[in-house]
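Asker: Sequence:
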Amino acid sequence: MHGSADRPGRPPACPRRVCFVVEALGPGGAERVISLLATRWAEAGWDVAICTFDCARDRIYHPLDSRVRLLRLGDGAAEQGGLMRFAALLRRIIRLRGLLLREQPDVVLSFLTKINILTLAAAIGTRLKIVVSERNNPARQQAHPIWTLLLKVLIRRADAIVVQTKRVADHVPPSARSRTRVIPNPIEMPPGRPASYGAEGPLQCVAVGRLTAQKGFDLLIDAFARVAPDNPRWSLDIWGEGAEREALEERARTLGMAGRIHLRGVSTIQGGWAEGASAFVLSSRYEGFPNVLGEAMAGGLPVLAFDCPYGPREMIQNGHDGLLVANGNVVALTRALDHLMKDAATRRALGENAAISARRFRLDVVARQWEAMMEGLAGSARFHEPPAARAVAR
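In UniProt numbering, the protein residues as written are 1 to 394.
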C-alpha cells in the first residue's frame, strides 16, 4: 500500500517534514535512494511526502512505506516540444511552487538535474530550504545548453548540493562548493541466497543496467567471448532493457555465444539478478555512482569493474574487495575476467571482503549523513520559524 495525495494533512507534532521532488518513481537508482530514505524516515515518525510529475496510473517500482504521502502532479511536459514544452515546464514550476507553499516542508530534497532546476525556480522568493542532488557524471551528461546555463545560475540558490563522489564534487561550480556534501547512495540488498563462489557446477557471471552504450555491455560481450572457451562452466547473464538489445543479441550470435550469453530483461524481484550468481562485472564507460556495484558487493559477490569516471575507484580497493581495470580496455578486462573465472579462492576472498567493505553504504549509515546535513541547515533561525513566516518572500 502506498501513501496518497488524498491525505494532504500532516501528523500533529511531527518532528520533521520532508518533501522529495523527482520526475517519477521508476526503476532508476535515484528513485531507489528516495524510496529507502523516505521509508526509513516515515518509520521514524517523520512527515514524508514525495512530489512527482507522473500520473496515478504509473507504476511505482520500489516499495514505499504506506505512511509516505505521494503528491502526483501528472502532466505531459516531457512529451511536448517547442513552445508547448516551454509552457508545460512553466506550468510545472507554478504547480510545484503552489504545492511546496501549501506543504511547507522543513526541507525539500530534489533529485536529478532538470527537476533540480524546476525546484530551484519554484522556490524563488520563498524561505524554503532546498537541497538538490546530482546523481550522474556531469562531465558526460548531455544536456541542452539552456539547461546547463539555468543550472549554473539557479544552483546558487540551493541551500545544499549533494553528490555521490568526491570526483563529481569537483564539477560543482566554485560558487556552490562550500555548500556541497558528498554522500554515497544507501545500499540495501534483499535477503536471499548467498553468493555462489562455485567449487563445482555451472557458474554465472552477471551484469546489470540499461542496455545503452554507457553501460559498455558490447565490451563485456567481447571479453566474455574471448575467455569462454577456456571456462566452459561459465555463462553471462545481462539484466536490463534498452535500445541496444538487438545489437547486443546480434553481437553475441556473431561471436558464437548465443547459448552462453543471455539478455534476461528487467528483474521483477528487487535484487533478483543476484540469485545464484558467482561474479559481477561493471563494464560502464562512465557512471555517477553505480548502485548495482554496491549491491553486488553487499551481497558478497566478487566484483570486477572498469575504473570509469566516476564511482568504482571510490568503492573498490583494487585486489582487496574487487578488481579494477583501465577504463574501456577490453584486453585488461579479459585478463581479469579469466583470472576471476579460474580461481575460486580469489572469488571467495574478494566476495567476503566486499561484503565487509559495503557496510559503509548501509542505509542506517548513509541516512545519518543526510540527517546530519539537514541538521546543519537547521542552524539558521528561519528553519525553526512557523510555516507562515517561512513562506514570506525575502
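Some hints here could point you the wrong way.
Claimed, not checked - Cβ-Cβ distance ranges computed for the label pairs, FRET-style:
(1) Gln317 - Leu83: 27 to 37 Å
(2) Ala345 - Phe86: 52 to 62 Å
(3) Ala378 - Arg264: 40 to 50 Å
(4) Gly201 - Arg156: 28 to 38 Å
(5) Thr268 - Ala247: 19 to 29 Å
(6) Gln369 - Arg91: 45 to 55 Å
As the list claims (entries may be wrong) - In silico DSS-like links for lysine-lysine, alpha-carbon gap of 30 Å or less:
(7) Lys166 - Lys114
(8) Lys166 - Lys152
(9) Lys114 - Lys152
Keep in mind that the hints were calculated from the coordinates and are not lab data. Where is the CB? At the ideal position from N, CA and C, for every residue including glycine.
Asker: Against this structure, judge whether each hint is valid.
Answerer: For each hint, the structure was consulted:
1. Hint check: Gln317 to Leu83, Cβ distance near 52 Å, so the stated range 27 to 37 Å is violated.
2. Here the CB-CB span from Ala345 to Phe86 is close to 60 Å, well matched to the stated 52 to 62 Å.
3. For Ala378 and Arg264, the hinted distance range of 40 to 50 Å is satisfied, since their beta carbons lie about 45 Å from each other.
4. Take Gly201 and Arg156: their Cβ atoms lie about 58 Å apart, and the range 28 to 38 Å is violated.
5. The given range of 19 to 29 Å is respected by Thr268 and Ala247, whose C-beta atoms sit roughly 24 Å from each other.
6. Range check, Gln369 to Arg91: about 35 Å between beta-carbon atoms, so the 45 to 55 Å window is missed.
7. Our distance criterion of 30 Å between C-alpha atoms is met by Lys166 and Lys114, whose separation comes to about 22 Å.
8. As the CA atoms of Lys166 and Lys152 are separated by approximately 19 Å, the hinted pair is consistent with the 30 Å bound.
9. Between Lys114 and Lys152 the alpha-carbon distance is near 12 Å, which keeps this suggested pair within the 30 Å criterion.
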